[in-house]
Amino acid sequence: MDIVDTEETPLLGTNRSPPPYHPIPSAETPRPPWLSRRGSADALRRHFSQLTPLWFCLLFVLLIDIPSFMSETPKLRMLELSLCREYYSTQDPSVIDDNGNVPEDLCKLPQIHSSLAKQLGLLAMLGGLPGLVLAVPYGMLADHRSRRLVAAFCIVGFILRDLCYFVVLYCYKSFPRRAVYAAPLFTILGGGTTVMNPMILAIVAASISEEWRIQSFFFVHVTTLVTEFIAPPLAAVLLNTCGPHFAFLAAVPFEIAAFLALGLVVEPRHEHDYEEGSESDERENNDANQASESKSTLGQPLIKVLRYLRQDVGGLLSQKALLLGLLAVVGCRLGRPMLELILQYMSVKFGWHFSKTSYLLSIQAATQIFIFLLALPAISAWLVRIKGNAPAANLAFARGSVLILSLSTLAMGLAPLPPVFITFMVIYNFGNGFASAMRSFLTALVPKDRIATLFTTIALFEGLSGFVLPPLLGYAFSFGLSRGGPIVSLPFFIVAGIYGLGFLAVWSLRYQRRGPSGNC
Numbered sequence: 001m002d003i004v005d006t007e008e009t010p011l012l013g014t015n016r017s018p019p020p021y022h023p024i025p026s027a028e029t030p031r032p033p034w035l036s037r038r039g040s041a042d043a044l045r046r047h048f049s050q051l052t053p054l055w056f057c058l059l060f061v062l063l064i065d066i067p068s069f070m071s072e073t074p075k076l077r078m079l080e081l082s083l084c085r086e087y088y089s090t091q092d093p094s095v096i097d098d099n100g101n102v103p104e105d106l107c108k109l110p111q112i113h114s115s116l117a118k119q120l121g122l123l124a125m126l127g128g129l130p131g132l133v134l135a136v137p138y139g140m141l142a143d144h145r146s147r148r149l150v151a152a153f154c155i156v157g158f159i160l161r162d163l164c165y166f167v168v169l170y171c172y173k174s175f176p177r178r179a180v181y182a183a184p185l186f187t188i189l190g191g192g193t194t195v196m197n198p199m200i201l202a203i204v205a206a207s208i209s210e211e212w213r214i215q216s217f218f219f220v221h222v223t224t225l226v227t228e229f230i231a232p233p234l235a236a237v238l239l240n241t242c243g244p245h246f247a248f249l250a251a252v253p254f255e256i257a258a259f260l261a262l263g264l265v266v267e268p269r270h271e272h273d274y275e276e277g278s279e280s281d282e283r284e285n286n287d288a289n290q291a292s293e294s295k296s297t298l299g300q301p302l303i304k305v306l307r308y309l310r311q312d313v314g315g316l317l318s319q320k321a322l323l324l325g326l327l328a329v330v331g332c333r334l335g336r337p338m339l340e341l342i343l344q345y346m347s348v349k350f351g352w353h354f355s356k357t358s359y360l361l362s363i364q365a366a367t368q369i370f371i372f373l374l375a376l377p378a379i380s381a382w383l384v385r386i387k388g389n390a391p392a393a394n395l396a397f398a399r400g401s402v403l404i405l406s407l408s409t410l411a412m413g414l415a416p417l418p419p420v421f422i423t424f425m426v427i428y429n430f431g432n433g434f435a436s437a438m439r440s441f442l443t444a445l446v447p448k449d450r451i452a453t454l455f456t457t458i459a460l461f462e463g464l465s466g467f468v469l470p471p472l473l474g475y476a477f478s479f480g481l482s483r484g485g486p487i488v489s490l491p492f493f494i495v496a497g498i499y500g501l502g503f504l505a506v507w508s509l510r511y512q513r514r515g516p517s518g519n520c
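Counting from 1, position 354 in the sequence shown corresponds to residue 354 in the UniProt record's numbering; the numbering is continuous, with no gaps.
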């Protein structure tokens with residue numbers, strides 16, 4: 001708000017400094033070129049100072065997402081090969097070569113992929129369990145220490161998880177097939193993607209102004225899409241030349257590089273948004289009180305977690321708009337299970353090799369790069385002009401996006417041919433701005449010093465959905481394969497229904513400007 005002087009305002013206020021002197025060039029005297037250059041340099045310097053956290057976050061996201069997408073199809077092929085080897089060891093051992101390999105064409109049987117669907121569902125559930133249980137403790141650690149520290153723990157957990165996958169599946173003679181279920185448990189260190197994603201997004205959200213926030217979330221998503229475009233073809237080449245095991249192992253060096261790049265991420269100084277016994281921010285206590293509070297915290301961690309859940313997370317959930325928005329965010333967690341489902345679905349229903357299905361990820365990424373760089377920002381800017389403010393525009397954007405997600409997912413399940421399926425997969429991409437729009441809208445509903453708590457709460461909801469939905473889709477796909485016919489597409493029908501419920505939740509939301517107390 002601009003400060004306007006009135007007649008009662010003293011001309012010589014004690015706390016007012018004289019305005020800086022900026023000479024205005026006359027019409028006869030042209031502005032010196034060096035002055036223009038200096039002004040441009042200052043503007044450029046302010047621009048990079050404002051968006052520096054975003055650029056370094058984008059670099060980190062690029063490095064951490066490359067191994068994620070590059071290892072996807074090799075991991076599927078490794079798991080398929082282990083089940084295929086086990087199946088043919090009793091049915092026809094002659095098809096297994098001396099290295100334990102089986103031709104991929106022989107591994108597309110429904111009974112093999114039915115077991116694979118169940119296994120993928122259980123692995124996803126185990127991978128989501130650490131994030132569900134540890135989201136609050138790691139969120140508290142991020143609030144009181146550093147979000148970068150939590151992100152570093154996550155990367156170490158990713159590296160140990162992937163090494164476990166490789167060792168168990170490559171040394172199949174030394175380890176039983178079910179030992180692979182131990183791999184996701186390594187994400188106890190850091191909490192996995194359920195904790196990692198909110199950490200990075202919270203840094204971006206706290207560092208960028210409200211006008212730039214949704215565009216920044218778009219840029220983060222576009223960076224993910226760039227890696228999704230680059231990594232699958234690289235994985236396909238490695239899959240055909242090195243085999244699935246070493247193609248999967250090639251992702252680990254990128255994770256190590258991401259760990260090193262994390263040191264470049266600029267984390268804004270954030271205030272802790274909760275105190276014991278008072279809502280007023282009294283951080284100027286003496287050293288003795290701070291030491292006593294720290295000792296109490298260390299001695300009673302469970303009580304601290306419960307208090308955090310009741311006072312901070314519970315305080316957010318007491319707002320109806322936030323609760324409905326968080327329930328709708330559950331649909332955001334379907335993106336990754338949908339990718340895994342599409343890869344296996346195309347492999348089984350249309351007989352594609354995994355090296356071929358990996359190119360679907362690149363097709364999807366290429367279309368989304370265009371959508372997120374050009375279409376969605378233009379639509380977002382148009383909605384801001386129509387609605388008058390960014391939060392209301394984000395809400396309208398989210399409503400349209402989740403409707404597209406629901407209808408296109410239903411159409412993918414009904415598609416009889418690969419070209420039809422791919423067409424609706426491209427249409428599905430136009431709804432992928434839902435996650436960014438909802439996060440930006442929910443961020444506008446809370447004070448800035450409670451953003452970290454909001455993203456921790458989002459992590460809790462996403463962790464819950466990541467724990468429940470992947471095994472649900474896996475077992476639904478397994479059931480569909482056992483029945484055959486249109487029931488094979490049962491997971492797509494379930495996802496379409498979940499997005500439909502998300503549409504109803506988002507449609508019931510209304511935006512009101514936050515008052516001085518921080519409530520809507």
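Treat the hints as calculated values from the structure; they're not laboratory data.
The reader is advised that the hints may include incorrect statements.
Derived pair list, reagent style PhoX-like, types lysine-lysine, alpha-carbon separation capped at 25 angstroms [to be verified]:
1) Lys387 x Lys320
2) Lys356 x Lys108
3) Lys356 x Lys118
4) Lys387 x Lys448
5) Lys108 x Lys118
6) Lys173 x Lys320
7) Lys320 x Lys118
8) Lys387 x Lys349
9) Lys387 x Lys108
What you are looking at is a predicted structure, and each value in this text was computed from that prediction instead of being measured.
In rising order, the numbers of the hints this structure does not comply with: 6, 7, 8 and 9
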